[in-house]
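Position in the sequence shown (first residue = 1) + 8 = our numbering.
Treat the hints with caution; some may be incorrect.
[Unchecked claim] Taking lysine-lysine pairs in the DSS-like style, the calculated list, with each CA pair at most 27 Å apart, reads:
1. K83 <-> K149
2. K99 <-> K148
3. K148 <-> K239
4. K188 <-> K81
5. K188 <-> K133
6. K239 <-> K100
7. K94 <-> K63
[Said to hold, decoys possible] Across the chosen pairs, the derived CB separations fall in these ranges:
8. N121 <-> Y150: 37 to 45 Å
9. D212 <-> L122: 25 to 33 Å
10. E62 <-> V98: 32 to 40 Å
11. V196 <-> K239: 16 to 24 Å
12. E56 <-> L238: 15 to 23 Å
None of these hints come from the bench; they were simulated from the model. Here a beta-carbon is modelled for each residue, glycine too, at the ideal position from N, C-alpha and C.
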Amino acid sequence: MLKFLLKKIFNKLLTKQEKILSNLYNSINNNKNPLILFDIGGSGGLQERWKLFEKKIEIIFVEPDKRSSLELKQKGFKVIEKGLWKEKDVKKFYLTKKAQTSSIYKPNKDLLNLFPDSSRFDIVKEINIEVDKLDNCIDKKYLPHFIKLDTQGSELAILKGGNDTLQNVLGLEIEVNFKKIYQNIPSVHEIETFLLEKNFVFIDFISFFRWERDGYRGFGELVHADALFLKSP
Numbered sequence: 009m010l011k012f013l014l015k016k017i018f019n020k021l022l023t024k025q026e027k028i029l030s031n032l033y034n035s036i037n038n039n040k041n042p043l044i045l046f047d048i049g050g051s052g053g054l055q056e057r058w059k060l061f062e063k064k065i066e067i068i069f070v071e072p073d074k075r076s077s078l079e080l081k082q083k084g085f086k087v088i089e090k091g092l093w094k095e096k097d098v099k100k101f102y103l104t105k106k107a108q109t110s111s112i113y114k115p116n117k118d119l120l121n122l123f124p125d126s127s128r129f130d131i132v133k134e135i136n137i138e139v140d141k142l143d144n145c146i147d148k149k150y151l152p153h154f155i156k157l158d159t160q161g162s163e164l165a166i167l168k169g170g171n172d173t174l175q176n177v178l179g180l181e182i183e184v185n186f187k188k189i190y191q192n193i194p195s196v197h198e199i200e201t202f203l204l205e206k207n208f209v210f211i212d213f214i215s216f217f218r219w220e221r222d223g224y225r226g227f228g229e230l231v232h233a234d235a236l237f238l239k240s241p
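Based on the provided sequences and hints, a complete structural model is requested.
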């Protein structure tokens with residue numbers, strides 16, 4: 009009974025919060041100029057926190073893995089089927105058992121094998137993909153106001169290829185890593201230092217991901233997080 013009441017209270021508070029957020033967005037935007045969200049590394053679809061605004065914003069996914077891009081297009085989303093990097097090049101791309109863990113960086117199995125379900129990072133295929141700068145892949149009519157970056161370690165390289173694009177961007181949500189779950193990935197500090205030079209301020213961590221050696225209960229070692237950066241006023 010207590011569990012049922014707590015769930016009802018939580019849902020009511022959540023609904024109230026969603027209305028506040030929706031009203032705030034409408035008061036700022038007035039639905040005249042849709043906010044353009046670029047979801048780079050959008051395997052798995054739109055995050056729950058963005059679904060509240062799904063009908064009020066323009067969403068464009070960037071996804072080089074054909075398994076994921078096809079799924080997104082079938083759901084009606086616009087998809088740029090490109091790999092992004094700091095320059096135009098051809099890079100090796102590691103397709104893993106779980107599509108969401110595929111990356112330009114090779115999984116660090118020495119570390120991953122310390123945790124359960126590491127087989128999701130097993131490489132099933134290695135392919136070469138053409139990569140390009142973010143600045144070269146954007147239609148000027150669809151300059152993003154907000155970018156969500158979750159590309160399994162290549163976030164900093166992508167940001168470095170988007171100098172012109174970042175001038176128009178108000179905010180960034182970036183997955184940052186505290187453990188080297190992929191080989192030779194940049195540190196959180198390197199990402200923050202780069203963005204400070206571009207006039208972005210670290211605001212907060214939106215979510216944390218902790219792994220335990222014997223299961224997943226929300227505790228354990230801090231492995232990665234989603235960090236929010238906003239353009240300095």
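Provide an ascending list of the numbers of those earlier hints which the structure does not satisfy. Of the numbered hints, 4, 6, 7 do not hold.
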